Structures are given as C-alpha cells and as structure tokens.
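> Those protein sequence lines, which keep their order, are chains A and B.
If you use the working numbering, the first sequence corresponds to residues 3 to 110, in order.
If you use the working numbering, the second sequence corresponds to residues 73 to 185, in order.
Simulated from the structure, these hints should not be mistaken for lab results.
Owing to the predicted nature of the structure, the values given are computational and were not obtained by experimental measurement.
Check each hint, because a few of them may be wrong.
Unchecked claim - Covered by chain A, per the in silico footprint, the following chain B stretches (three or more residues, Cβ under 8 Å):
#1 90-100
#2 166-173
As the list claims (entries may be wrong) - Okay, the calculated bits of chain A under chain B, using three or more residues with CB under 8 Å as the criterion:
#3 27-36
#4 39-45
#5 89-96
#6 101-107
Backbone N, C-alpha and C define an ideal beta-carbon position, used for all residues, glycine too.
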Amino acid sequence: GIQVEQSPPDLILQEGANSTLRCNFSDSVNNLQWFHQNPWGQLINLFYIPSGTKQNGRLSATTVATERYSLLYISSSQTTDSGVYFCAVLYGNNRLAFGKGNQVVVIP
Amino acid sequence: ETGVTQSPTHLIKTRGQQVTLRCSSQSGHNTVSWYQQALGQGPQFIFQYYREEENGRGNFPPRFSGLQFPNYSSELNVNALELDDSALYLCASSFSHSSGELFFGEGSRLTVL
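This is chain B alone, in the form it adopts within the complex (with noise of 0.2 Å):
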C-alpha cells in the first residue's frame, strides 16, 4: 500500500511569485485536504477536495487555489506569494470525504523571501 507522498519537499520563492505543491493520495482514497502549517503552530485546514471539486474552504484567501485529478492526485497553487505564506505545506489523504481516519504525507516547506 503507497502512502501519500507530496513534491517538492523544500522550496524557495521569491515575493510575488507563484508556486506549485503536488500531492498523491493513499491507494483507495478518494479524498484529499490540504493544511498549512505555521511555525510553532498547529497545522490549519486550506480546503479538500473531492470528486475534483473543492468540497470546504478554511479561512484562506482565492490566491490559495487547487485541483484534483481523476486519479485523485491534488495540486495547492499559490499566487502572489507573501512572506506569511512561508510554512509546511500538508497534504492528507482518506478513504471518505465525510468520515474516516486521514493520513498524511510528508509535507512540503515553502520559504518566501
């Protein structure tokens, strides 16, 4: 069974710039969220996505944007990246968008200078 794996793993961007995170789900799951974390701090929900539709938004500005493939990989793109925007980006997968247990990938570190 394939865990959820997540690429980059490290990255730098620059104020103003655009970047990319990938992210594979866990054989047999269907449902993917993606969280950012600060730190020091818990990680935060962005938003999940199901069916390849965004399926519930936490508190994230539109430049945070996704998509999800029919093979359920996901993509979290950021536009006009801010120095906050500087984190642990978290992906988690699971077998159902509306219960079950969520499992997630090794994340993704963003730097914006």
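The following block holds chain A by itself, in its conformation from the complex (with noise of 0.2 Å):
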C-alpha cells in the first residue's frame, strides 16, 4: 500500500515563529489532505490541495504531486496551533492512507 511519512514526529515552537511540516508520498494519488487534529480527537479540515499552493489565513499549503510530497505552513504560530497535523492522501476509492503526524507544541 500507499507509504505517507511526515516530518518531524515531534515539533516546539515559540509563539510567533514560523515552522513547515513536511509529508512524503510512495506512489501517485488522486488528492491530499491536511488535518489538524483537536484536542477532543475530531479531525479539522484544513486543505484539500493535489497540487499547487493554497493560503487560509496564517495556513498555506504546497504539493509537488510529481515529487510526491506536500508541505504545511504556519506563521505567526499561536498556542491554539498546539495539537496533531495529519497528512492523508487519497487513493483508490477514495480512501485516504494517513501518516503518524507531526505533533506541534507552542509555547507562549
């Protein structure tokens, strides 16, 4: 099946420091998806991105759909960007393969 692998596992940022999250794909997909994961467990959508760059406010995206990676932006960080990134990629019947996440700590 389909490999996703994100970096890094583990990240602390200060508040208001930049950081970028990386994920890393084995085989072509139809689609990618960024998640951010609350505290409660439920997964937020952020951006459905095959390609390209996409912005939502501090939040930007960029997939190299013929590199097979994206990557996730975060600007300015604040202590609510605290929690799980998820990167999952869409295959098949649309069935998404996740990675293990990038955990992200901000600190004030």
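Now that you have both chains on their own, put them together as the hints suggest.
This is the structure we're talking about:
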C-alpha cells in the first residue's frame, strides 16, 4: 500500500515563530488532505490540495505531486495551533492513507 | 449544513462483547467511510459504504462489519471485542465514492477491558 511519512514527528515552537511540516508519499495519488486533530479527537479539514499552493489565513500548503511531497506552513504560530497535524493521501475509491502525524506544541 | 455526527462519544466494553457505533453523514453526502485510530497513530481505513453496500475494505477481520441506510447514515459493528480494538473510531463522509474531500465526525472512543 501507499506509504505516507511525515516529518518532523515532534516540534516545539515559541509563539510567533514560523514552521514547515513535510509529507512524503510513495506513489501517485488522486488528491491530498491536511488535517488538524483537536484535543477531543476530531479531524479538522485544513486543505484539500492535489497540486499547487493554497493559503488560508496564517496557514498555507504546497503539493508537488510529480515529486510526491506536500508542505504545510504555519506562520506567526499561536498557542491554539498546538495539536497533531495529519497528512493523508486519497487513492483508489476515495480512501485515505494517513501519516503518523506531526505533534506541534506552541509555547507562549 | 449539518456536519458528520457520531454516537456514542465514549463507551466501555469488556472482551468478547459486541459494539455498534453510529454515524450520520454530512448533508448531501452519499458515501461513508470508517477509520480506526489507535493511540499515537494515524487513522487506518476500515471500509467504505456507498449505495448501502460495502465498497472497499482495509486490512480488518470479518468481525468488523457495517451497514448503510437509505438516508446514507451508517453503523459500524464489531463482534468478539479484543483488547486491541480499544481506539478512536472515526466516521467520514464525502460527496462521491470515487473522489472528493472527506469530512470527519468527532469520533467514538472505545475502551475494551
């Protein structure tokens, strides 16, 4: 099956700092999603991005499908950005393969 | 627009028991998928339901089964519970079975003792 690797696994940031999370995947995919998992477990949709760059406030994402990677940028981080970020690729009949996540802690 | 809702949010069972988890899809979505998330891991695909039939299954044994109803809501049933079934079970819905963004509910956290 498709392998999805996320790095770094853990990240501690000072409030106000910028960061980049990376997602590599092993095969061609139909699409890619980034999620933020809140403390209660719900996966919050951040981006649905097969290729190119999208921005939403302080977050932006870039996917380079030909090179099989995606990046999530967090600018001017806030404590509310803490949590686990998941990259997931869509393949086959619209099923998702997830990475193990990036655990982000933003300290004031 | 109503999002994906799941019930119950938490439950505790003992080994060997059976459990049923429920999911209502987002308005306008006809496809429901179920995922299992063990502690510290990413979610794993269990199966997908479209037009009331299973439309793809991940690497899970037959004691994991499901249903989809005419209103697109779905159930996940797990028989003969094992300790390793303790996990967060997430339901996702999408507009199509073959493409499109998936949206998740808050999950059902199952503990097996």
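> Of the hints given before, which are not true for this structure?
Going through the list in order, the structure violates hint 1 alone and respects the others.
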